[in-house]
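Undergrad: Given next are the chains, with one letter for each unit.
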Amino acid sequence: ELKVEQNPLFLSMQEGKNYTIYCNYSTTSDRLYWYRQDPGKSLESLFVLLSNGAVKQEGRLMASLDTKARLSTLHITAAVHDLSATYFCATPSVGNDMRFGAGTRLTVKP
Amino acid sequence: DAGITQSPRYKITETGRQVTLMCHQTWSHSYMFWYRQDLGHGLRLIYYSAAADITDKGEVPDGYVVSRSKTENFPLTLESATRSQTSVYFCASSVGGGFEETQYFGPGTRLLVL
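Sequences listed follow chains A and B, in order. End of the first sequence sits at 110 in this note's numbering; the numbers just go up one at a time, nothing left out. End of the second sequence sits at 114 in this note's numbering; the numbers just go up one at a time, nothing left out.
Take the hints with a grain of salt, since some may be wrong.
What the hints assert, rightly or not - Calculated cross-link-like contacts (lysine-lysine; reagent style DSS-like; alpha-carbon spacing at most 30 Å): (1) B/70 to B/57; (2) A/3 to B/57; (3) A/68 to A/109; (4) B/57 to A/41; (5) A/109 to A/17; (6) B/70 to A/41; (7) A/56 to A/109; (8) A/41 to B/11; (9) A/3 to A/41; (10) A/68 to A/3; (11) A/41 to A/68.
Simulated from the structure, these hints should not be mistaken for laboratory data. The structure presented is a predicted model; accordingly, all values stated were derived computationally and were not measured.
If we strip away everything but chain A, and leave its shape as in the complex, we get (with noise of 0.2 Å):
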């Protein structure tokens, strides 16, 4: 059974500061979706990642796959505030399904 890990579950970091947030997965799989979540509100798709090496930057965000590894990567670049969310990984597993790892609650404080 195809398991997702996120790690950590809880980040609280300083504006400016860059840290990076893992996912991990069990099975084999060349995709990986990260996801967006604010408070009470819905999810935003933030990076599709297709293929190993497959790297996607977009602002102080960047989502890198390494499909030998089972692993993907967030990296917050000079945090600020607005990036406080939580942050959502998924891969599609065998046959029919899509597992969300926990997600990631992210703070960034001023």
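Based on these hints, arrange chain B on the given structure of chain A.
TA: Just chain B now, with coordinates in the frame of chain A:
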């Protein structure tokens, strides 16, 4: 409005009652999905549909029923609601390719079962 909408946005019901959550999308996306979100569990797939009249179970289908007579609508019914079904329910859709394409999520329905 264009996009994906859910109704109602908030619902309180009692144990044993039937409740239906509606999902409507205007993009003519082939695939539609229902997820529930609970603290500590992220999102879990309940049911999905590849096209009208084609539905299949996800990770946690027990206690739920779906139908899809039209491409744009994908209602989720709790036949006899239980407290454990208190959750936030999200509908999503994707252009095609099922689980290999980006999913676009609705605003969610917050359901409380007393």
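Undergrad: Would you mind marking each hint as holding or not holding in the structure?
TA: Hints, one by one, checked against the model:
1. B/70 to B/57: Cα-Cα ~18 Å, so holds.
2. A/3 to B/57: 18 Å, holds
3. A/68 to A/109: With a Cα-Cα distance of about 35 Å, the restraint between residue 68 of chain A and residue 109 of chain A is violated, given a limit of 30 Å.
4. B/57 to A/41: Holds, because 25 Å separates the two Cα atoms, which is no more than 30 Å.
5. A/109 to A/17: Given pair residue 109 of chain A, residue 17 of chain A holds - Cα atoms ~10 Å apart, limit 30 Å.
6. B/70 to A/41: The given pair, whose Cα atoms are some 27 Å apart, holds under the 30 Å limit.
7. A/56 to A/109: Since the Cα atoms of residue 56 of chain A and residue 109 of chain A sit roughly 25 Å apart, the hinted pair holds (cutoff 30 Å).
8. A/41 to B/11: Holds, at roughly 16 Å.
9. A/3 to A/41: 25 Å, holds
10. A/68 to A/3: The hint holds at about 16 Å.
11. A/41 to A/68: 34 Å, violated
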